[in-house]
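Q: In case you want the letters, here they are:
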Amino acid sequence: MKRRDFIRQTAVFVAGAAMSSSAMVMFDPKQVLAQRPELRWGFLVDTHRCVGCGFCVKACKIENDIPIEANVTRTWVERYVIKQDGEVLAESPKGALNGFTNKRIDQNTSGMIEVKDEDVAQAFFVPKLCNQCETPACVQVCPVGATYQTADGVVLVDRKWCIGCGYCIMGCPYGVRFFHPKEHVADKCTFCYHRIVDGGDTACAQACPFGARKLGNLRDPDDPVAKAVLYGRVGVLRDEYGTKPQVFYLGLSKEVH
Amino acid sequence: MKNHIWRPLYVVLAIVLLILMFRAFYVPEDFGIQDRGYTFGFHRLSNEQEWKEFPDKYRGSSYCEGCHYDKTEVFATSQHGMMQCENCHGAAFDHPEDPEKLNIDRSREQCLRCHSQLYTPSSGRSDIPGVNPEEHNVGIECSVCHNPHNPSLEEM
Chain A
0 MKRRDFIRQT AVFVAGAAMS SSAMVMFDPK QVLAQRPELR WGFLVDTHRC
50 VGCGFCVKAC KIENDIPIEA NVTRTWVERY VIKQDGEVLA ESPKGALNGF
100 TNKRIDQNTS GMIEVKDEDV AQAFFVPKLC NQCETPACVQ VCPVGATYQT
150 ADGVVLVDRK WCIGCGYCIM GCPYGVRFFH PKEHVADKCT FCYHRIVDGG
200 DTACAQACPF GARKLGNLRD PDDPVAKAVL YGRVGVLRDE YGTKPQVFYL
250 GLSKEVH
Chain G
0 MKNHIWRPLY VVLAIVLLIL MFRAFYVPED FGIQDRGYTF GFHRLSNEQE
50 WKEFPDKYRG SSYCEGCHYD KTEVFATSQH GMMQCENCHG AAFDHPEDPE
100 KLNIDRSREQ CLRCHSQLYT PSSGRSDIPG VNPEEHNVGI ECSVCHNPHN
150 PSLEEM
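From first to last, the protein sequence lines are chains A and G.
Residue numbers for the first sequence follow numbering that gives the first Met the number 0, so the first one is 0 and each next one is one higher.
Residue numbers for the second sequence follow numbering that gives the first Met the number 0, so the first one is 0 and each next one is one higher.
Honestly, the hints are just simulated from the structure, not real lab data.
None of these values were measured; they are calculated from a predicted model.
Treat the hints loosely; a few may be bogus.
[Said to hold, decoys possible] The calculated label-pair distances, taken between Cβ atoms and stated as ranges, are:
| id | chain 1 | residue 1 | chain 2 | residue 2 | range |
| --- | --- | --- | --- | --- | --- |
| 1 | G | 64 | A | 234 | 51 to 59 Å |
| 2 | A | 143 | G | 131 | 46 to 54 Å |
| 3 | G | 131 | A | 109 | 19 to 27 Å |
Glycine is no exception: its CB is placed at the ideal position from the N, C-alpha and C atoms.
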């Protein structure tokens, strides 16, 4: 073999070997388009606007047939009180079903704690609900295919198929899943799927008098929620879990997880 | 080959066949890999439709407006205008057929959800007029003095 041929063939071989095998894969255009459908439900929570009235929790429970007095809920509101000395107190009595009507903060075993007004640095409310994650951990762990994600991004539970093993309840990093006391299956926020597919609003967003909760289509550039996510400064909860949550928060503090 | 090897093998094959037959009957036809792939979309497709058919309970204030426009018109311009009728009057369901009458929540606790004064410097709550429920006319329903449809203190 001549030296020239050797160098040429080596160059061709190296170039060929450097090419990733994924570059050879032929994409089905339909498959690529399906990964980015026209509709992807998302949610925007404005924590500045939330006053902790709890009308959202009450509306959610009634709308979705969650036993009102049972200590489980699809959505809840947390109160955070941050003291001048940096101590953080947080609570959500009954998920804020009846709102926050007094200054005493429930600290479980430490009892009810009342912080003097002059000791408070910040006090605010944070509504929580299912994040309808892009890569939901709860769906991955289901052993029977009872929980799944729809094409428009909502994670649902098939009540006929769920065996109630509770893996998803453990798998959710946000603790939004619970065991339904009457249906005896795993339950979670559905973004009020039955309402939004007909063009309605979620029960919680409708009940909120202050516009702290907004549902929107993240694929529509003219949608107010999509605009806030694209151009505003928003945060998500527990980003480090890699679940890509699709509930975005305005005014998120580092104390909130 | 010897019989003692074949016999258990037949048993195993029979069990596998039984499981496959059971699966064919038990697993619905629309169960499979849907839009979001095997990892996130492995489910029974008709369940999506079942969720879509879940009945609505809350109808929104525009539903109330259809009949009670005399009330909603005044209410919408009041300081409480951003409230939904159903927040106090209860979910409409299929009112006026079922239920014929709604149960109004007139309790102090209902008003205190917003109007109990808390110290919340970094929340919109501090912009709402509030009272200390342990001092302000204890035991009396708020609506005895205040009109929830027109809460203006000047027009009391």
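Q: Going through the earlier hints one by one, which of them does the structure break, listed in rising order?
A: Hint 1 alone not satisfied by this model.
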